[in-house]
Amino acid sequence: RKEVEQDPGPFNVPEGATVAFNCTYSNSASQSFFWYRQDCRKEPKLLMSVYSSGNEDGRFTAQLNRASQYISLLIRDSKLSDSATYLCVVNERSGGYQKVTFGIGTKLQVIP
Amino acid sequence: DGGITQSPKYLFRKEGQNVTLSCEQNLNHDAMYWYRQDPGQGLRLIYYSQIVNDFQKGDIAEGYSVSREKKESFPLTVTSAQKNPTAFYLCASSIMVGRLAGELFFGEGSRLTVL
Chain E
1 RKEVEQDPGP
11 FNVPEGATVA
21 FNCTYSNSAS
31 QSFFWYRQDC
41 RKEPKLLMSV
51 YSSGNEDGRF
61 TAQLNRASQY
71 ISLLIRDSKL
81 SDSATYLCVV
91 NERSGGYQKV
101 TFGIGTKLQV
111 IP
Chain L
1001 DGGITQSPKY
1011 LFRKEGQNVT
1021 LSCEQNLNHD
1031 AMYWYRQDPG
1041 QGLRLIYYSQ
1051 IVNDFQKGDI
1061 AEGYSVSREK
1071 KESFPLTVTS
1081 AQKNPTAFYL
1091 CASSIMVGRL
1101 AGELFFGEGS
1111 RLTVL
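Chains as they are written, first to last, in the numbering used here: chain E, 1 to 112; chain L, 1001 to 1115.
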C-alpha cells in the first residue's frame, strides 16, 4: 500500500462548480499535512496547511480525519485559474527524522 | 530576496557520466530535500537532510549521492549507476519546528536529459 494515495484524475469541472479531493495516508503516526498546488512544468507551491480542526482560506477548505486517515480539499466556485495538479503532503516520523511524502497529485481542469 | 536556487535549469549528459545538480538556499532553513518527478507522476523522495553533515535516504536513493557540508547547500550527484536518470529534479528546504518539518519551499527545478 502506498504511503499517500490520491486519485490522479483528471477531474474536469465547469467554472463555478464545487469540487472535492481526498487523500489517504497509511501511517497513523503522521504528524502534519499540507496541500500543494503544482502548475504544469513548475515547482509545487503551498496551498494550505491542514489542521485537525479544519481550515478555510477563501474558496478553499481543508479537513483532516485522523480516525479514517484521510485529508480532503474542497474548492468552491471553481475558476479557470484553479486548473492545476493538487498534491497531498504528509509528514511522518521515520526513525528520528521527519520524512515528507507527496501523493501522486490530482489533476483538476476547470472548463469554461 | 530569500529563496532557493537550483542550477543548472537544463542539463544534458551522455550515458555513463556522473552529473551534479546544485541547490543553494539563503532562507536559513535546517532541512533540505531532493525529489524526482517523472512525467505524469508524483514527487519521489531521493535524499533529505535535517542537519549539517547528516542526511537520510529517501525512497529512491539508489544511484544518487548527496553531501551537506554547509547549511545553505545540498548538492545532488546523479551517478552512472542510476538506471533511468532522465527526469525533473526538485530541491526544497524547510524550517524544523522541534522535530516537525514546516512548509517546503522549492527551487525551480533542474531538467536532466540523458542522451
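Among the hints, erroneous ones may be present.
[Unchecked claim] Straight-line Cα separation of at most 27 Å, BS3-like style, residue types lysine-lysine; simulated pairs:
#1 Lys1057(L) to Lys1071(L)
#2 Lys1071(L) to Lys1014(L)
#3 Lys1057(L) to Lys1070(L)
#4 Lys1009(L) to Lys1083(L)
#5 Lys1009(L) to Lys45(E)
#6 Lys1083(L) to Lys42(E)
#7 Lys1014(L) to Lys45(E)
#8 Lys1070(L) to Lys1009(L)
#9 Lys42(E) to Lys1071(L)
#10 Lys79(E) to Lys107(E)
#11 Lys45(E) to Lys1071(L)
#12 Lys1009(L) to Lys2(E)
#13 Lys107(E) to Lys1009(L)
#14 Lys42(E) to Lys1014(L)
[Said to hold, decoys possible] Derived Cβ-Cβ restraints for the label pairs, each shown as a range:
#15 Leu74(E) to Ser1080(L): 42 to 48 Å
#16 Pro1008(L) to Leu46(E): 37 to 43 Å
#17 Ser26(E) to Lys1070(L): 21 to 27 Å
#18 Leu74(E) to Gln1041(L): 41 to 47 Å
#19 Leu80(E) to Asp1038(L): 26 to 32 Å
#20 Pro14(E) to Lys1009(L): 34 to 40 Å
#21 Ala17(E) to Gly1016(L): 48 to 54 Å
#22 Pro112(E) to Gly1098(L): 33 to 39 Å
#23 Tyr1010(L) to Ala67(E): 30 to 36 Å
#24 Arg76(E) to Gln1041(L): 46 to 52 Å
#25 Leu1115(L) to Gln31(E): 41 to 47 Å
These aren't lab readings, by the way, just hints derived from the structure by calculation.
Positions of the beta carbon are idealized from the N, C-alpha and C atoms, including for glycine.
Here is how each hint holds up against the structure:
1. Lys1057(L) to Lys1071(L): Roughly 18 Å between the alpha carbons, so the hint for lysine 1057(L) and lysine 1071(L) holds.
2. Lys1071(L) to Lys1014(L): Cα-Cα ~31 Å, so violated.
3. Lys1057(L) to Lys1070(L): holds, 18 Å
4. Lys1009(L) to Lys1083(L): holds, 21 Å
5. Lys1009(L) to Lys45(E): It holds: about 18 Å lies between the C-alpha atoms, which stays within 27 Å.
6. Lys1083(L) to Lys42(E): holds, 25 Å
7. Lys1014(L) to Lys45(E): Violated - the C-alpha atoms of lysine 45(E) and lysine 1014(L) are around 32 Å apart, more than 27 Å.
8. Lys1070(L) to Lys1009(L): holds, 22 Å
9. Lys42(E) to Lys1071(L): holds, 25 Å
10. Lys79(E) to Lys107(E): Distance of about 14 Å is within 27 Å: holds.
11. Lys45(E) to Lys1071(L): Roughly 22 Å separates the two Cα atoms, so the pair holds.
12. Lys1009(L) to Lys2(E): violated, 30 Å
13. Lys107(E) to Lys1009(L): Within the cut-off at roughly 25 Å; holds.
14. Lys42(E) to Lys1014(L): holds, 25 Å
15. Leu74(E) to Ser1080(L): 42 to 48 Å: With Cβ atoms ~47 Å apart, the hint holds.
16. Pro1008(L) to Leu46(E): 37 to 43 Å: violated, 25 Å
17. Ser26(E) to Lys1070(L): 21 to 27 Å: violated, 35 Å
18. Leu74(E) to Gln1041(L): 41 to 47 Å: The hint (41 to 47 Å, Cβ to Cβ) is violated, given that leucine 74(E) and glutamine 1041(L) are roughly 25 Å apart.
19. Leu80(E) to Asp1038(L): 26 to 32 Å: Given a distance of about 27 Å, which is inside 26 to 32 Å, the answer is holds.
20. Pro14(E) to Lys1009(L): 34 to 40 Å: holds, 36 Å
21. Ala17(E) to Gly1016(L): 48 to 54 Å: With Cβ atoms ~51 Å apart, the hint holds.
22. Pro112(E) to Gly1098(L): 33 to 39 Å: violated, 47 Å
23. Tyr1010(L) to Ala67(E): 30 to 36 Å: Between tyrosine 1010(L) and alanine 67(E), where Cβ atoms are some 46 Å apart, the hint is violated.
24. Arg76(E) to Gln1041(L): 46 to 52 Å: violated, 29 Å
25. Leu1115(L) to Gln31(E): 41 to 47 Å: holds, 42 Å
Of the numbered hints given earlier, the model fails hints 2, 7, 12, 16, 17, 18, 22, 23 and 24; all others are met.
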